[in-house]
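Colleague: Sequence:
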Amino acid sequence: MKILYLTFYFEPDLCAGSFRNTPLAYELNRKLKEGDEVHVITTMPNRYKSFKEDAQEVERIDKLFIQRIPIPDHQSGFSDQINSFKTFFFNALKLTKGNHYDLVFASSSRLFTAFLGRYLANKHKVNLYLDIRDIFTDTMNEVLESKALKALSLPVLRKIEKYTFRNANHINLVSGGFEEYFKKFKKPSYSFFTNGIDDEFLNLPESKERVRDQYIITYAGNIGEGQGLHKIIPQAAKALGDDYKFVIIGDGGAKGKLIDQIEKIGGANIELIEPVNRAALKDYYLKSDFLFLHLNDFRAFEKVLPSKIFEYGAYDKPIIAGVAGFASRFIQENLQNYILFAPGDVDSFVSSIKSFEFRNQRRSEFISTFSRKNITERMADDIISNVKKGNQ
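The opening position of the sequence shown corresponds to residue 1 in full-length UniProt numbering, with each subsequent residue numbered one higher.
It is worth saying that the hints were derived from the structure and are not from the lab.
Here are the computed lysine to aspartate or glutamate pairs in the EDC-like style, where the Cα-Cα straight-line distance is at most 16 angstroms:
#	residue 1	residue 2
1	31	62
2	238	347
3	354	242
4	183	138
5	287	209
6	184	138
7	287	271
8	208	316
9	208	289
10	159	138
11	123	102
12	150	138
13	31	381
14	183	161
Kindly produce the complete structure, drawing on both the sequences and the hints.
Modeller: Right under this line is the structure:
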């Protein structure tokens, strides 16, 4: 059995795609028999220009054969993403030439890796299993500010989406909020394996009793249009004053907008930190009082389920979430000890945190239910079963 595994992000890159796909590939490695192979085609670490990790372009680990494609430096803009994917696409074609596969698996947040998976599955005449982490056309419809660019790109993206999804054999959706959108694609079977809590965030120490007067609110992750931090952090920091401090760890295409707003409004109680590895990140979390996440006020984001919820949920600290739709319902149904407010609603955020009765509370049931290990075990079994279906 030989599985082609396509993912733009893989260890040691720092992002949700890497944190999802690395343990899943290793779980496939654990479950497969001697002589089987998982051929992972990915990229050299590139998620953040300000954070670089060394990695081997070619690596063999037991049944995993990992090939990492170097891609051009980029600033996370739309045109940069297109150029990066072109490099990934054509190199992937070269690396797969002459190989035989029993299944193509592609994990995709920006449609393009899913499209590559569809193209290669068709070329090799094997089944396709897609893992969809975002509805790209939906997002682009709201994120793209240029009307001309929208008019040019969206019809093309919708054709690519139709070609890709309607011909897949199986599609996993990481958010139940995507289900309604995908009902129009009748051929694939569907599953809903979400993101989960990584082993690094299990068995965390209990938070110590607060001794300082100032509350520390920490966000860690991408700083892009999707997060819309420039619409909430500077404004809330000013309204809350010196009793609260915001620590923002990360990088991304909208970081410039965030800095501009901080300079315009003032932000003595905001600290910006470049991306750090997970060991350092855990230290920042442990020193925090609140863990913060926010999505921009786009209708498309009412369907998503941010992976950050699982990371934060492993801690006993209160979570502040500016989300709507499916993510808001998921938090209310599965978590305790949180503050919810509508995306971009500064007044609601400020009034809610001021009236919040601070406490730490361990989320034992959530941790047990959404352990990444448990989820990847079930998903790996599902992938292997799809290989067997294709061989019948």
